[in-house]
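Participant: For the protein sequence lines, the chains are A and B, in the order given. For the working numbering, add 11 to where a residue sits in the first sequence, where the first one is 1. For the working numbering, add 11 to where a residue sits in the second sequence, where the first one is 1.
Don't take each hint at face value.
One copy or any two copies: either way a pair holds, since identical chains are not told apart in the list.
With a straight-line Cα cutoff of 20 angstroms, these simulated SDA-like cross-link-like pairs (lysine to any residue) come out [stated by the list, open to error]:
(1) K144 with A195
(2) K47 with A207
(3) K87 with Y366
(4) K298 with L171
(5) K277 with M73
(6) K87 with Q313
(7) K196 with M73
(8) K232 with A61
(9) K232 with L89
(10) K196 with L89
(11) K144 with A193
(12) K277 with D55
(13) K144 with L192
(14) K196 with A43
(15) K298 with N60
(16) K41 with A291
(17) K298 with H321
(18) K144 with Q313
(19) K196 with T72
(20) K196 with A236
(21) K41 with G146
(22) K138 with R299
(23) K41 with R230
(24) K41 with S83
(25) K232 with E292
(26) K351 with D272
Rather than coming from a laboratory, the hints here were simulated on the basis of the structure. As the structure is a prediction and not an experimental result, all values here were calculated from the model.
Protein chains: 2
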Amino acid sequence: MNIPTGHHSRQPGFQHVGVVVPFEEKHPEKNASIEKLVSLVAADMDRVNAMILSRTGSEVTMIPEVANHLISSGGKRLRPMLTLATAGLSEYEGDGHVKLAAAVEFMHTATLLHDDVVDESDMRRGKIAARIKWGNEASVLVGDFLLGQAFRMMVEVGSLRALDILSAAATVIAEGEVMQLAAAKNTETTEDEYLAVIRGKTAELFAAACEVSPVIAGRPKAEQAACRSYGMNLGIAFQLIDDALDYGGKAATLGKNVGDDFREGKITLPVVLSFRRGSAEERAFWKRVLEQGEIEDGDLEQAISIMRRHKSLEDTVERARHYGSMARDALALFPTSPMKQALLETVDFCIARAY
Amino acid sequence: MNIPTGHHSRQPGFQHVGVVVPFEEKHPEKNASIEKLVSLVAADMDRVNAMILSRTGSEVTMIPEVANHLISSGGKRLRPMLTLATAGLSEYEGDGHVKLAAAVEFMHTATLLHDDVVDESDMRRGKIAARIKWGNEASVLVGDFLLGQAFRMMVEVGSLRALDILSAAATVIAEGEVMQLAAAKNTETTEDEYLAVIRGKTAELFAAACEVSPVIAGRPKAEQAACRSYGMNLGIAFQLIDDALDYGGKAATLGKNVGDDFREGKITLPVVLSFRRGSAEERAFWKRVLEQGEIEDGDLEQAISIMRRHKSLEDTVERARHYGSMARDALALFPTSPMKQALLETVDFCIARAY
Numbered sequence: 012m013n014i015p016t017g018h019h020s021r022q023p024g025f026q027h028v029g030v031v032v033p034f035e036e037k038h039p040e041k042n043a044s045i046e047k048l049v050s051l052v053a054a055d056m057d058r059v060n061a062m063i064l065s066r067t068g069s070e071v072t073m074i075p076e077v078a079n080h081l082i083s084s085g086g087k088r089l090r091p092m093l094t095l096a097t098a099g100l101s102e103y104e105g106d107g108h109v110k111l112a113a114a115v116e117f118m119h120t121a122t123l124l125h126d127d128v129v130d131e132s133d134m135r136r137g138k139i140a141a142r143i144k145w146g147n148e149a150s151v152l153v154g155d156f157l158l159g160q161a162f163r164m165m166v167e168v169g170s171l172r173a174l175d176i177l178s179a180a181a182t183v184i185a186e187g188e189v190m191q192l193a194a195a196k197n198t199e200t201t202e203d204e205y206l207a208v209i210r211g212k213t214a215e216l217f218a219a220a221c222e223v224s225p226v227i228a229g230r231p232k233a234e235q236a237a238c239r240s241y242g243m244n245l246g247i248a249f250q251l252i253d254d255a256l257d258y259g260g261k262a263a264t265l266g267k268n269v270g271d272d273f274r275e276g277k278i279t280l281p282v283v284l285s286f287r288r289g290s291a292e293e294r295a296f297w298k299r300v301l302e303q304g305e306i307e308d309g310d311l312e313q314a315i316s317i318m319r320r321h322k323s324l325e326d327t328v329e330r331a332r333h334y335g336s337m338a339r340d341a342l343a344l345f346p347t348s349p350m351k352q353a354l355l356e357t358v359d360f361c362i363a364r365a366y
Numbered sequence: 012m013n014i015p016t017g018h019h020s021r022q023p024g025f026q027h028v029g030v031v032v033p034f035e036e037k038h039p040e041k042n043a044s045i046e047k048l049v050s051l052v053a054a055d056m057d058r059v060n061a062m063i064l065s066r067t068g069s070e071v072t073m074i075p076e077v078a079n080h081l082i083s084s085g086g087k088r089l090r091p092m093l094t095l096a097t098a099g100l101s102e103y104e105g106d107g108h109v110k111l112a113a114a115v116e117f118m119h120t121a122t123l124l125h126d127d128v129v130d131e132s133d134m135r136r137g138k139i140a141a142r143i144k145w146g147n148e149a150s151v152l153v154g155d156f157l158l159g160q161a162f163r164m165m166v167e168v169g170s171l172r173a174l175d176i177l178s179a180a181a182t183v184i185a186e187g188e189v190m191q192l193a194a195a196k197n198t199e200t201t202e203d204e205y206l207a208v209i210r211g212k213t214a215e216l217f218a219a220a221c222e223v224s225p226v227i228a229g230r231p232k233a234e235q236a237a238c239r240s241y242g243m244n245l246g247i248a249f250q251l252i253d254d255a256l257d258y259g260g261k262a263a264t265l266g267k268n269v270g271d272d273f274r275e276g277k278i279t280l281p282v283v284l285s286f287r288r289g290s291a292e293e294r295a296f297w298k299r300v301l302e303q304g305e306i307e308d309g310d311l312e313q314a315i316s317i318m319r320r321h322k323s324l325e326d327t328v329e330r331a332r333h334y335g336s337m338a339r340d341a342l343a344l345f346p347t348s349p350m351k352q353a354l355l356e357t358v359d360f361c362i363a364r365a366y
């Protein structure tokens with residue numbers, strides 16, 4: 012059976028396929044946990060959550076409805092946690108970091124709402140996508156509302172430099188998404204081109220989330236750059252693991268279905284590697300399923316089998332480890348502290364998600 | 012023939028209907044022109060246009076393509092002209108007004124791009140809508156890019172107060188659009204509810220565009236409030252005339268087709284007035300065409316005929332005149348000057364568009 016491109020009907024045989032994760036051998040990050048980070052920022056995070064709740068309020072009732080559908084759906088809130096943690100690392104003593112963290116989460120939520128329209132997604136974080144429940148219109152407009160609120164909070168903090176970093180991030184994120192659009196369904200995308208996409212669409216917000224805290228704390232340029240570099244490389248690693256998970260995670264953990272990227276014709280690193288390493292026959296397969304969108308029963312299993320043959324998933328995780336190492340090294344100039352330790356372990360945690 | 016709701020097929024008999032404008036009797040603004048304003052801000056506007064061109068640039072080639080499709084399509088650029096004119100009125104001597112004016116135009120363009128996705132429009136400013144040519148995705152993302160660039164320019168100007176005004180405007184605009192979404196296809200919308208929608212979706216950006224200039228010029232609060240009030244009331248008048256034009260303008264001047272609002276089931280003031288003043292039979296007509304979206308041949312002509320019967324278009328223009336008067340009076344505290352004269356005449360010009 013053919014599924015036309017862009018029409019994401021879910022076939023029962025496709026959902027929740029119990030694919031065996033093919034990269035179980037060596038995973039040094041096995042016991043890494045995010046708990047240390049969570050507990051160190053817990054008090055601040057309560058304030059961020061209260062801020063988020065109060066700033067989604069509007070007399071226009073549809074706005075809090077749509078916003079909270081997504082915001083309350085249990086995302087990890089990793090990005091605002093990073094803003095809070097780097098504020099701790101920077102020994103920041105004001106309370107601007109709370110508003111900046113909430114602004115970062117709003118920017119992220121706005122991106123998700125707009126992404127769903129772009130991807131024509133049916134699911135998001137294990138829940139029905141807002142665009143299905145309220146329509147594309149509401150997703151676009153509530154995203155715009157949240158972006159506006161994010162900027163208002165930044166303005167209240169009053170740091171022009173933080174505003175500069177986050178507004179620049181907003182444009183870079185949009186550029187990354189447009190790049191992805193242009194690269195969509197092009198199996199000849201190179202690894203470099205793919206990296207440029209995920210630097211924009213994912214890593215830039217991680218980088219900005221980490222950079223603003225030392226900036227408002229008035230720390231030296233070198234520390235600002237170090238935090239930015241930590242965020243950027245962590246963001247790249249995070250996205251690469253997401254890419255691998257889409258071909259081998261469990262739907263329950265991931266909050267979306269295995270094979271979503273595949274069905275949407277998204278070119279991610281496992282595909283880029285498999286295509287380059289593949290036979291003529293395999294390339295024809297990738298072109299048929301991802302470029303023409305002619306997906307038949309068993310094609311996802313076939314894709315995973317090709318990836319296994321070329322070790323594309325293992326190597327995607329290896330690439331993620333490389334960026335993870337860069338993220339860890341970026342923090343070297345900070346003295347040992349519980350917060351630094353928690354940030355280092357967060358890198359391992361992001362990679363351990365692959366298991 | 013029935014047209015299903017939300018599916019905006021254009022019937023040949025519907026396009027460019029040469030409807031006779033039914034309110035020719037008295038129009039004191041007949042000879043009003045925007046030429047005075049245009050010539051007074053011409054030098055600054057050249058700088059704004061250069062700024063707009065440079066800030067739509069991106070290595071991601073689809074971005075300038077989509078952005079320039081809309082930006083170069085000959086909008087009047089009324090909003091940035093207002094920022095420049097109020098800067099003149101405020102005797103501002105820096106050059107922040109150029110970036111703020113460009114930011115205002117980018118915010119407006121982003122709104123148009125996102126509106127097209129929301130309205131499922133096929134046409135915009137007499138050209139094929141970007142969403143038809145490049146897809147909804149590109150419209151959403153390039154809109155996001157332009158919003159980001161708008162904020163970057165504001166940050167460069169460095170006035171936190173101007174940033175506050177424009178970021179608040181961004182959220183109010185989105186709120187107005189969501190309100191419109193919630194009111195869509197509800198013929199029982201009251202005039203007050205409708206006014207709240209257009210204050211948000213249209214007038215707020217006019218108000219912000221006029222307020223930021225006295226703010227960066229450091230003028231007294233009373234002058235800031237006066238400029239804001241001028242913009243707000245001008246914006247309301249402008250939108251009301253747009254509403255009237257949709258039932259009686261010429262497609263060539265308007266840049267979109269007569270009857271667009273009607274076909275999209277949009278509730279505007281001419282409809283609100285006609286529904287309240289109408290017979291049971293007429294109300295059934297409005298419910299059928301606007302709520303159920305069952306539009307048949309001749310229905311647009313029928314709608315215009317009902318509006319004529321109840322003088323709904325004349326009275327929409329009368330309401331616009333009321334807000335126009337408020338806009339003019341708001342400027343009373345400024346001494347006579349060519350710039351003030353140009354701003355006063357701009358009010359008349361906006362109303363004269365109805366003829």
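Participant: Now tell me if each hint is right for this structure.
Facilitator: These are the hints, each one checked on the structure:
1. K144 with A195: Result: close only across copies, 17 angstroms inter versus 26 angstroms intra.
2. K47 with A207: neither (31 angstroms within a copy, 48 angstroms between copies)
3. K87 with Y366: Within. Shortest intra-copy distance 17 angstroms satisfies the 20 angstroms Cα cut-off; inter-copy 57 angstroms does not.
4. K298 with L171: So K298 and L171 fail the 20 angstroms test inside a copy (47 angstroms) and across (51 angstroms) alike.
5. K277 with M73: between (31 angstroms within a copy, 18 angstroms between copies)
6. K87 with Q313: neither (32 angstroms within a copy, 55 angstroms between copies)
7. K196 with M73: Between. Shortest inter-copy distance 16 angstroms satisfies the 20 angstroms Cα cut-off; intra-copy 35 angstroms does not.
8. K232 with A61: Intra 31 angstroms, inter 33 angstroms, cutoff 20 angstroms: neither.
9. K232 with L89: neither (24 angstroms within a copy, 42 angstroms between copies)
10. K196 with L89: neither (30 angstroms within a copy, 40 angstroms between copies)
11. K144 with A193: between (28 angstroms within a copy, 14 angstroms between copies)
12. K277 with D55: neither (37 angstroms within a copy, 45 angstroms between copies)
13. K144 with L192: So K144 and L192 pass the 20 angstroms test across copies only (14 angstroms; inside, 24 angstroms).
14. K196 with A43: neither (35 angstroms within a copy, 54 angstroms between copies)
15. K298 with N60: For K298 and N60, neither the intra-copy (44 angstroms) nor the inter-copy (43 angstroms) Cα distance is at most 20 angstroms.
16. K41 with A291: Answer is neither: 37 angstroms inside a copy and 72 angstroms across each miss the 20 angstroms cutoff.
17. K298 with H321: within (17 angstroms within a copy, 61 angstroms between copies)
18. K144 with Q313: Neither: 33 angstroms inside a copy, 35 angstroms across copies.
19. K196 with T72: between (38 angstroms within a copy, 17 angstroms between copies)
20. K196 with A236: Neither way: K196 and A236 sit 35 angstroms apart in one copy and 52 angstroms across, limit 20 angstroms.
21. K41 with G146: neither (41 angstroms within a copy, 43 angstroms between copies)
22. K138 with R299: Neither. Shortest intra-copy (30 angstroms) and inter-copy (35 angstroms) distances fail the 20 angstroms Cα cut-off.
23. K41 with R230: Intra 34 angstroms, inter 62 angstroms, cutoff 20 angstroms: neither.
24. K41 with S83: This pair counts as neither: shortest intra-copy Cα distance 29 angstroms, inter-copy 55 angstroms.
25. K232 with E292: neither (52 angstroms within a copy, 72 angstroms between copies)
26. K351 with D272: Close neither inside one copy (34 angstroms) nor across copies (57 angstroms); limit 20 angstroms.
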